[in-house]
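J.: Take a look at the letters that make up each chain.
Protein chains: 2
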Amino acid sequence: MATAISPLAPASFPDMPVIDGVTFSTAAAGIRYKNRTDVLLVALAKGTTAAGVFTRSKCPSAPVDWCRKALQGGKARGLVVNSGNANAFTGKTGAQAVKLTAEIAARALGCRPGEIVLASTGVIGEPLDATKFEGVLDDCARRASAGSWSEPAKAIMTTDTYPKGACAKATIDGVEVNIAGIAKGAGMIAPDMATMLSFVFTDAPIAADVLQALLARGVKTSFNAITVDSDTSTSDTLMLFATGQAAKRGCPTIESASDRRLAGFRKALDALLLDLAHQVVKDGEGARHFVTVRVEGAVSAASAKRIAKSIADSPLVKTAVAGEDANWGRVVAAVGKAGEPADRDRLAISFGPHRVAVKGARDPSYDEAQVSAYMKGQDIEIGVDLGLGRGAFTVWTCDLTKEYVEINGDYRS
Amino acid sequence: MATAISPLAPASFPDMPVIDGVTFSTAAAGIRYKNRTDVLLVALAKGTTAAGVFTRSKCPSAPVDWCRKALQGGKARGLVVNSGNANAFTGKTGAQAVKLTAEIAARALGCRPGEIVLASTGVIGEPLDATKFEGVLDDCARRASAGSWSEPAKAIMTTDTYPKGACAKATIDGVEVNIAGIAKGAGMIAPDMATMLSFVFTDAPIAADVLQALLARGVKTSFNAITVDSDTSTSDTLMLFATGQAAKRGCPTIESASDRRLAGFRKALDALLLDLAHQVVKDGEGARHFVTVRVEGAVSAASAKRIAKSIADSPLVKTAVAGEDANWGRVVAAVGKAGEPADRDRLAISFGPHRVAVKGARDPSYDEAQVSAYMKGQDIEIGVDLGLGRGAFTVWTCDLTKEYVEINGDYRS
Numbered sequence: 001m002a003t004a005i006s007p008l009a010p011a012s013f014p015d016m017p018v019i020d021g022v023t024f025s026t027a028a029a030g031i032r033y034k035n036r037t038d039v040l041l042v043a044l045a046k047g048t049t050a051a052g053v054f055t056r057s058k059c060p061s062a063p064v065d066w067c068r069k070a071l072q073g074g075k076a077r078g079l080v081v082n083s084g085n086a087n088a089f090t091g092k093t094g095a096q097a098v099k100l101t102a103e104i105a106a107r108a109l110g111c112r113p114g115e116i117v118l119a120s121t122g123v124i125g126e127p128l129d130a131t132k133f134e135g136v137l138d139d140c141a142r143r144a145s146a147g148s149w150s151e152p153a154k155a156i157m158t159t160d161t162y163p164k165g166a167c168a169k170a171t172i173d174g175v176e177v178n179i180a181g182i183a184k185g186a187g188m189i190a191p192d193m194a195t196m197l198s199f200v201f202t203d204a205p206i207a208a209d210v211l212q213a214l215l216a217r218g219v220k221t222s223f224n225a226i227t228v229d230s231d232t233s234t235s236d237t238l239m240l241f242a243t244g245q246a247a248k249r250g251c252p253t254i255e256s257a258s259d260r261r262l263a264g265f266r267k268a269l270d271a272l273l274l275d276l277a278h279q280v281v282k283d284g285e286g287a288r289h290f291v292t293v294r295v296e297g298a299v300s301a302a303s304a305k306r307i308a309k310s311i312a313d314s315p316l317v318k319t320a321v322a323g324e325d326a327n328w329g330r331v332v333a334a335v336g337k338a339g340e341p342a343d344r345d346r347l348a349i350s351f352g353p354h355r356v357a358v359k360g361a362r363d364p365s366y367d368e369a370q371v372s373a374y375m376k377g378q379d380i381e382i383g384v385d386l387g388l389g390r391g392a393f394t395v396w397t398c399d400l401t402k403e404y405v406e407i408n409g410d411y412r413s
Numbered sequence: 001m002a003t004a005i006s007p008l009a010p011a012s013f014p015d016m017p018v019i020d021g022v023t024f025s026t027a028a029a030g031i032r033y034k035n036r037t038d039v040l041l042v043a044l045a046k047g048t049t050a051a052g053v054f055t056r057s058k059c060p061s062a063p064v065d066w067c068r069k070a071l072q073g074g075k076a077r078g079l080v081v082n083s084g085n086a087n088a089f090t091g092k093t094g095a096q097a098v099k100l101t102a103e104i105a106a107r108a109l110g111c112r113p114g115e116i117v118l119a120s121t122g123v124i125g126e127p128l129d130a131t132k133f134e135g136v137l138d139d140c141a142r143r144a145s146a147g148s149w150s151e152p153a154k155a156i157m158t159t160d161t162y163p164k165g166a167c168a169k170a171t172i173d174g175v176e177v178n179i180a181g182i183a184k185g186a187g188m189i190a191p192d193m194a195t196m197l198s199f200v201f202t203d204a205p206i207a208a209d210v211l212q213a214l215l216a217r218g219v220k221t222s223f224n225a226i227t228v229d230s231d232t233s234t235s236d237t238l239m240l241f242a243t244g245q246a247a248k249r250g251c252p253t254i255e256s257a258s259d260r261r262l263a264g265f266r267k268a269l270d271a272l273l274l275d276l277a278h279q280v281v282k283d284g285e286g287a288r289h290f291v292t293v294r295v296e297g298a299v300s301a302a303s304a305k306r307i308a309k310s311i312a313d314s315p316l317v318k319t320a321v322a323g324e325d326a327n328w329g330r331v332v333a334a335v336g337k338a339g340e341p342a343d344r345d346r347l348a349i350s351f352g353p354h355r356v357a358v359k360g361a362r363d364p365s366y367d368e369a370q371v372s373a374y375m376k377g378q379d380i381e382i383g384v385d386l387g388l389g390r391g392a393f394t395v396w397t398c399d400l401t402k403e404y405v406e407i408n409g410d411y412r413s
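If you're matching them up, the sequences are chains A and B in order.
Each residue of the first sequence is one higher than the one before, starting from 1 at the first, in UniProt numbering.
Each residue of the second sequence is one higher than the one before, starting from 1 at the first, in UniProt numbering.
Chain A extracted, bound-state conformation (with noise of 0.2 Å):
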């Protein structure tokens, strides 16, 4: 297995602000590592408002479900991850170490379970202990404290090279509040599957359905924009808290999402959520490039959604960049497989600046020598323009390595 930090990660974890309402701690449950921290118990404060967004899996963790019905009420106390195990494909047994990973932080939070939210990543298929939980969140609810943000997202990583973390301010109605985040990468471990999760919290004092709304909306051009390996998780879940205590400092609190008060911190969430989401992909399993893929001119939106991640998914095109080879064919072969309106004849594609393709043939000014020297870049945009109409879209990924298929291989031997 690579534990390599990935050549892609930022140069340091943020230094971020404490979130007013917000105090965490974390141990080391003994789930399924050694010598590290595999639980986070975050305490939030009364009155703090919450919405989420979760895998579209058909087959999705026992947390998922809970977390679903909890988030209901708009409402939460608590927030408890636990990395090394996903709770997910587990049946009944699943729904009923939810059950009691929620009471028992409930008693220690002294809150009712169904404010408790949950997410776990690690292990398909393996019952989770929830029993280890007994003494070690009452011991978190204890220590917990406005500390640094690397330690929570330290104890949710499992195959992840770096803790991934991103914080904004905003002003609403002239009162600054504060965002941070933080996330763990989509990593597969053999034989295991981990998860996508992220946690963003906000003392800004936000209706519950107007979260909602920001986060359903923020996600379609971040996290729903990435793919590392087109593998869709059973546990993806994104959450967004704001205790309101800015409320206290005289910050007005948002009923509407059409709140025109609303834009400046809606604009600082979408930059946050962008930041953790190409955070996620710089920490794909074996990346040695990131990749944007950016798709224009195509017939609608949603159409140049799906030539994006025909692209992006694309074995071809991944390998192709790994190699740093300007393969605009496997591009054009990929844009002809995502069955959406294309004119061979009007399609231009792009490595960076470099135009290599034109109606349909190759550019005649495209010089090799030029578009191979970009492509020894760690950042590559493809660029596709389909000459067809105003939609547009991007995706990031990243390269298709033979690490990659190390790490998940398992190789035995």
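Hint data in this document are derived by calculation from the structure and do not stem from the laboratory.
What follows is a list of derived Cβ distance ranges for each label pair:
no., chain 1, residue 1, chain 2, residue 2, range
1, A, Gln-370, B, Glu-368, 50 to 56 Å
2, A, Ser-300, B, Ala-263, 42 to 48 Å
3, B, Gly-339, A, Gly-74, 26 to 32 Å
4, B, Glu-368, A, Asp-379, 38 to 44 Å
5, B, Arg-346, A, Lys-220, 29 to 35 Å
6, A, Asp-379, B, Ala-216, 41 to 47 Å
We put the CB at the ideal spot given by N, CA and C, even for glycine.
Since the structure of chain A is provided, determine the placement of chain B on it from the hints.
T.: Here is chain B on its own, set in the frame of chain A:
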């Protein structure tokens, strides 16, 4: 580039029959490869009926465009196939090259250009210099004979590691007829893209629209049910030619697809198409395991096919098979991401005879040692029972190995 013969290759090339009315020869036109044949000319007797199915790519190659038109007449007198250049995404010059090739072949065979069908495989985006066929095809026409089928099978290879052929006999109204087919694999060679090509010949007298009906049905569960890496080519081509020469032996001409006398022929043809399709998968780049994905209990056959494809195309499932790891958690995830009706708690999964999961959780009686032993075999069967309905479908694929990435990543150092 891996050139060793695939470990999944058949022991030997089959001993294939002469097809009355079919003669052929090959030559080295120097399109791209050195010291090997790269062009095939097949001469077809007067009255030969023809049908074809082609790539669904929205960016098809110039030869595919040509064949779709040429086959409208339902007749063919000659087939020209070249390897080394796919003549795909070559704009107007591509269409001109196809026209010139057909004219040269028509002159050589004494027929109309519209009676010539063509296929090309190799580089995408490179103009094909059809003038190289001048003289070469005339010479081929002179040398054409009913020789060994391994020669045409070799001439159309690109990254294939072995020639692919299959044959069958059937009786129509008591008269024995022969079927012979060749194919090349969907191998990819960086930085170029190859193609799946297959050509089938019979001496049975069968009307073109009947041939078309036979093919359209036959590919559904053969060529359209295999996947190496989910990357549909720009040039996939399967054509069926019937010389009708068996009429001399008293074989009746079949004018209707519903003619009961066709039953034996259809069965033999379907078996031959499946044989060739399997040979293509077994030569998938880097393939070390042949994988059968059998999905049953789905709400419909179409739903079963989408789920089977989702499993067969999952990089995580494919790398797990490469690692000889019975990672059913990844099968669950692949079922979940297919977007088709699935009830996690009714799902059962098996590897070969070993059921590993049932009712949405690990099978209590599952013996890891037994399953691990099974996974070391070369033929792996993944069985999924959704427990919802009667829809079933089987897809065949190969594993995803480091060699695949090596072959297609063309690592430059």
